[in-house]
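Trainee: Two chains, two frames, a set of hints: combine them into the complex.
Protein sequence lines, in the order shown, are assigned to chains H and C. Heads up: the first sequence begins at 0 in numbering that gives the first Met the number 0, then just goes up one per residue. Heads up: the second sequence begins at 0 in numbering that gives the first Met the number 0, then just goes up one per residue.
Be aware that a few hints might be false.
[Stated by the list, open to error] Label-pair distances were calculated between CB atoms; the ranges are: (1) H/G309 <-> C/P87: 41 to 47 Å; (2) H/A299 <-> C/L68: 38 to 44 Å; (3) C/N142 <-> H/A299: 48 to 54 Å; (4) H/V210 <-> C/A95: 29 to 35 Å; (5) H/E10 <-> C/R3: 45 to 51 Å; (6) C/V94 <-> H/A173: 31 to 37 Å; (7) C/A72 <-> H/P53: 37 to 43 Å; (8) C/S119 <-> H/R368: 53 to 59 Å; (9) C/T35 <-> H/A132: 41 to 47 Å; (10) H/E251 <-> C/D134: 29 to 35 Å; (11) C/L68 <-> H/A3: 30 to 36 Å.
[Stated by the list, open to error] Reference listing, derived: stretches of chain H covered by chain C, where coverage requires no fewer than 3 residues with Cβ under 8 Å from a Cβ of chain C: (12) 7-19; (13) 74-82; (14) 115-121; (15) 129-142; (16) 150-160.
[To be verified] Computed from the model, here is a short list of chain C residues facing chain H with C-beta under 10 Å: (17) A2; (18) L40; (19) S97; (20) W104; (21) G128; (22) R131; (23) S137.
FYI, nobody ran anything at the bench for these hints, they're computed from the structure. Predicted model only: the values in this text are computed from it and were never measured. The beta carbon of each residue, even a glycine, is placed where N, CA and C say it ideally should be.
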Amino acid sequence: MKPADLVPRPEWYPGRARGGWLSARVGTALGIAFATCFVTGLISHFHQHPGLFPLPDGPVWGYAVSQGIHVTTGIASIPLLAVKLWSVAPRFWQRPLVGGVLRMLERGSVLVLVASAVFELVTGLLNVAEWYAFGFYFPPVHYAVAWLAIGAIAVHVAVQLPKVRELWTAPEPAVATGDLRRRDVFRLAGLGAVIAAVTTAGDKLPALRPVGVLSQRSAMGPQGLPVNRSAVAAGVVADPDWQLRVRDRGRERTRTLADLQAMPQHAALLPIACVEGWNVWATWEGVRLSELVDDPGGVAELTVRSADPGGYGVSTVTRQTLNHPDTLLALRIDGEQLALDHGFPARLIAPNRPGALQTKWVTTIEVRR
Amino acid sequence: MNARRRTALVRVFRRRIVEVRNQQVAEVRAAVGGLTRLQVLLLLAGSATIAFGGVQMLHLLLDRTAPVLGVGAWWLGGPLIVDLLVVPIVVITGVAISRFIPVGWRRDVAAASALSLLVSLVALPFLTGLGRRPDNPSLLDRNYWAGYLTLLVLIWGVPLVLRLFRRLRHP
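Bound-form chain C, shown alone (with noise of 0.2 Å):
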C-alpha cells in the first residue's frame, strides 16, 4: 500500500469516527432532552444506588466475604438460565399445547400448567429436603411433598370440577 492510498484510509476513517461519534452525542442528547423531571431524579438516584451497592459488593469481593467466581456465577447465572433455558422451555411447551390440545380445553391446560410451574419454583426448595439437619428437628418438620402434590391436585382439579359443574347445568 502507498503512502498517499494510506493517508486516503486514514482521513475516512478518522470521518467515521467523527460521524459516530457526532450520531451517538445526538441520540443522547435527544433522548435526554425528552426526559421529564421526575425521570431525571429517578436516574440520577437509581445511578447512585447502584454505584452504593457496588461498592458494597466491591468491598466484599476484596475481604473475601464474598467469593468472585461464586457470587458472580449467582448472579450472572439467572439472566442466563432464564433466557437461554427455561423461558424456551415454557415456549416450547406453550406451542405445545396449543398444537394438541383441542380449543375448548386449551386455556384450562395452559392456565394449570403455568400455575403448576409458579408454585413448584417456590415449593422446590423445600421438596428437596436438603436444608434439613439432624441436630435440629424443629427445621423443615413438615410433609412438604404431600402439601405440594395437594397444591397440584387442587390446581388441576378445580377447573376440572367447575367444568363438569357447568357441563351439568347445560348438556
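In isolation and in its complexed conformation, chain H is listed as follows (with noise of 0.2 Å):
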C-alpha cells in the first residue's frame, strides 16, 4: 500500500442524497442569504462609520430591521452552510488533490470562500451570545471577512454558474428505497433555517417572545428594557454633582439636572435596536438635543462623550440627526428617571441609531461647526 492510498477518495463517501442537484439548490439559497447579510452589515457599518456614506434619519425603526435581518439571516444561515458543506465534502478530495494552475485557483477560491463562510457565522453566532473564545475584537475582522467571503461567492457563482443553471432544471435523480430523498434533505435545511431564525428572534419580534427559547434576551430588564453596557461594566456610578457640559467655539457652557427638567421637554417613542440584533421600543423623555446648541443648523457634527471610558463611551452625531425632532437628550423612560444602568442621569437617544451610539451617562458635547 502507497501512502497516497490513505488519502481518503470522494467514492469513500456513501450518503447517496448528497451531490449536484441539492448543492445547487442549498447553494442558491445561500447565495441569497449571504447576499442580504452582506448589505445589511454594510449598512450597519456605515451607521457606525458616519461620513463614509449618507444614511437617512428614518424611518425610526430602520435599524432595528435592518440589523434584526443581518442577525437572523446569519443565524438561518448555519444549517443551510452546514448541509451545503456536507453536500460537497467528498469534492474536498477530488483527484488530482493539487493539480495545475487552473486547479490552484479553483481550490484556492474555494478555500477562501469556505473559511470566510464558516468565519462569518461562527462569529457572528458566538458574538451573539457574547462568548468571546475567539479573543479579538469582533466588529472589524467581521467586516474584513465579509468582503472575503462575498467576493469569494461572487467568484464561485461565476465558476459553478452554467453547472448549477443545469442541475435546476435536472430531474431528481432516485435514491434506495428508505433513504432520504435529495429533496428531503433540501427540506431539512430548510426546516432547520427557519428553526434557527424563529427560535432566536424572540428578543426582535414580540410576538415570537414565547417561541424565541435559544433568543440571546427574553428583552426583559430594568424598566422593562434590556440592558447590554451595564454602569458595573461601564465603572460608572451615580453622581450627586452631575453637570452636562456643552464645549463650542472655544467656550464651556454647564448645566445641572434640574436646569435640564426645567427646560421644555419632548417624549419620543423609539426603539433601542443593538448591532446584536434585539430591539424593544420605549417612550423616551428629555431634551431635544437642538435645543441644546446654539444655531443647530450651522453644526457639522457633535461629539457625545459618556463617563464610561470604554470605546462605546464616544458617539458622534451628524447634523441631519442633531435636527431630528426625535433626537433627545433622554433624563426619562416611560415616565420613570432613568435607571443607572440605562444612563443615568442622562442619554442620548436618536431614531435609526445603532444602540451602541445611543451613549449613556452622557458628560460633554463637543461641537464642530
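Mentor: Okay, structure coming up:
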C-alpha cells in the first residue's frame, strides 16, 4: 500500500442524497442569504462610521429592521451552510489534489469561500451569545472577512453558473427505498433554517417571544428594557454633582440636571436597536439635543462623551440627526427617571441608530462647526 | 556524471518545463475562452472584492487589531474541522443508521438526527452560558436547556406521532 492510498477518495463517502442537485439548490439559498447579510452588514458599518456613506435619519425603526435581518439571516444560514458543506464534502478529496494552475486557482477560491463563510457565521453567532472565545475585537475582523466571503461567493458563482443552471432543471436522481431523498435533505435544511431564525428572533419580534427559546434575551430588564453595557461594566457610579458640559466655539456651558428638567421636555417613541440584533421600544422623554446648542443648523457634527471610558463611551451625531425632532438627551423612560444601567442621569436617544451609538451617562457635548 | 550526459539531461528538463507551461497556458486559455460575459464580470468583481478584503485584513494584522495566529486559526480552522472532523463523524453516523436501523424507520431516524444536529449548531453557544456576566442579568436570561430539550423532543416526537396516526388509520 502506498501512502497516497491512505488519502480519502470521494467514493469513500456513501451518502446517497448529496451531490449537485442538492448543492445547487442549497447553494442558491445560501447565496441569497449571504448577499442579504452583506448588504445589511454594510448598512450597520456605515451607521457606525458616519461620513463614509450618507444614511437617512428615518424611518425610526430602520436600524432595528436592518440589523434584525442581518443577525437572523446569518443565524438561519448556519443550517444551510452545514448541509451545503456536507453535500460537497467528497469534492475536498477529488483528484488531482493540487493539480495545475486552474485547479489551484479553483481550490484556492473555494478555500477562501469556505473559510470566510464559516468564519463569519461562527464569529457572528458567538458574538450574539457574547461568548468571546475567539479573543480578538469582533467588528473590524467580521467586517474585513465579509469582503473576502462575498468576493469568493461571486467567483464561485461565476465558476459554477453553467452547472447550476443545468442542475436547477435536472430531474432529481432516485435513491434506494427508505433513504432520504435529495428533496428531503433540502427541506430539512430549510426547516433547520426556519427553526434557527424563529427560535433566536424572540428578542426582535415580540410575537416570537414565547417560541424564541434560543434568543439572546427575553427582552426584559430594569424599567422593562434590556441592558447591553451595565454601569458596573462601564465603571460608572451615580454622581450627585453631575453637570452637562457643552463645548462650542471655544466656550463651555454647564447645566445641572435641574436646569435640564426646567427646559421644554419632549417625548419620542423610539427603539433601542442593538448591533447584536435585539430591539425594544420605549417612550423616551427629555430635552431635544438641538435645543442644547446655539444655531444647530450651522453645526457640522457633535461628539457626545460619556462617563464610560470604554470604546462605546463616545459617539458622533451628524447635523441631520441633531436636527431630527426625536433626537433627545433623554432623562426619563416611560415616565420614570432613567435607571443607572440605562444611562442616569442623561443618555442620547435618536431615531434609526445602532444602540451602541445611543451613548449613556452623557457628560460632555462637543460642537464642531 | 560526464558533461555530455548532463547537457542532455538539462535539455530534457527544459523541454519538459516548456511542455508543462504550454499545456497550462492552453488549459487556462481554453477555460477563459469558454466564459460568458456574465461569468467574466463576476470573476473580475469577485477577485477585486477579495483583494479589497485582503487589504483590509492586512491592515488589521499590521496594526495589531487582529492577531495573526488567532484570526488565522479561526479562519483556517473552519474548513479543516469541517472536512477532517465533522463531516467524517456525520458520514459514519449515516452509515451506522443505514446499517442498524430497519428500512421502514431509516428515513425518520436520519431526518431527526440531521435536524437535531442542525439545531444543536445554533443552540450550542447559548447552552454553554459562557457569555453570561454577573453585572448584567438581562443578557442570556432565558432557560436555554429547557428550550433546546423541548426542540429535540419535538424533532423526534413529531415523526413518531405521525407514524402512530398512520398505523391507527391503516392498521
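Trainee: Could you run down the list of hints and mark each one as holding or not?
Mentor: Structure-based check of each hint:
A hinted range of 41 to 47 Å holds for the C-beta pair H/G309 and C/P87, which are about 43 Å apart. The given range of 38 to 44 Å is respected by H/A299 and C/L68, whose C-beta atoms sit roughly 42 Å from each other. For the pair C/N142 and H/A299, the supplied restraint of 48 to 54 Å holds, since their beta-carbon distance comes to about 49 Å. The supplied range of 29 to 35 Å is met by H/V210 and C/A95, whose beta-carbon atoms lie about 32 Å from each other.
Our hint of 45 to 51 Å for H/E10 and C/R3 holds, since their Cβ atoms are close to 48 Å apart. Take C/V94 and H/A173: their Cβ atoms lie about 20 Å apart, and the range 31 to 37 Å is violated. C/A72 and H/P53 have their C-beta atoms about 38 Å apart, which keeps the hinted 37 to 43 Å range intact. The given range of 53 to 59 Å is respected by C/S119 and H/R368, whose C-beta atoms sit roughly 55 Å from each other.
Between C/T35 and H/A132 the C-beta distance comes to about 43 Å, which sits within the given range of 41 to 47 Å. The hinted window of 29 to 35 Å between H/E251 and C/D134 holds, with their beta carbons roughly 33 Å apart. The given range of 30 to 36 Å is respected by C/L68 and H/A3, whose C-beta atoms sit roughly 31 Å from each other. Chain C is given as covering the region 7-19 of chain H, and this holds because 3 residues of the stretch bring a CB closer than 8 Å to a CB of that chain, at least three being needed.
With a cut-off of 8 Å between beta carbons, the region 74-82 of chain H has 5 residues touching chain C; three or more are needed, and the interface restraint holds. Counting residues of the region 115-121 of chain H whose beta carbon lies closer than 8 Å to any beta carbon of chain C gives 5, which reaches the threshold of three, so the coverage claim holds. Counting residues of the region 129-142 of chain H whose beta carbon lies closer than 8 Å to any beta carbon of chain C gives 11, which reaches the threshold of three, so the coverage claim holds. Coverage of a stretch by a chain is defined here by at least three residues with a beta carbon nearer than 8 Å to that chain's beta carbons; for the region 150-160 of chain H and chain C the count is 10, and the condition holds.
The beta carbon of C/A2 comes no nearer than 34 Å to any beta carbon in chain H, farther than 10 Å, and the hint placing it at the interface is violated. Because the closest C-beta pair between C/L40 and chain H is about 8 Å apart, less than 10 Å, the hint holds. Taking 10 Å as the C-beta contact cut-off toward chain H, the hint placing C/S97 at the interface holds, the least distance being around 7 Å. The interface hint given for C/W104 holds, since its Cβ lies 8 Å from the closest Cβ of chain H, which is under the 10 Å cut-off.
Interface hint at C/G128: satisfied, since its Cβ lies 9 Å from the closest Cβ of chain H, which is below the 10 Å cut-off. Interface restraint check for C/R131: the shortest CB-CB distance to chain H comes to about 8 Å, inside 10 Å, so the restraint holds. Restraint check, C/S137 versus chain H: the minimum CB separation of about 3 Å is within 10 Å; hint holds.
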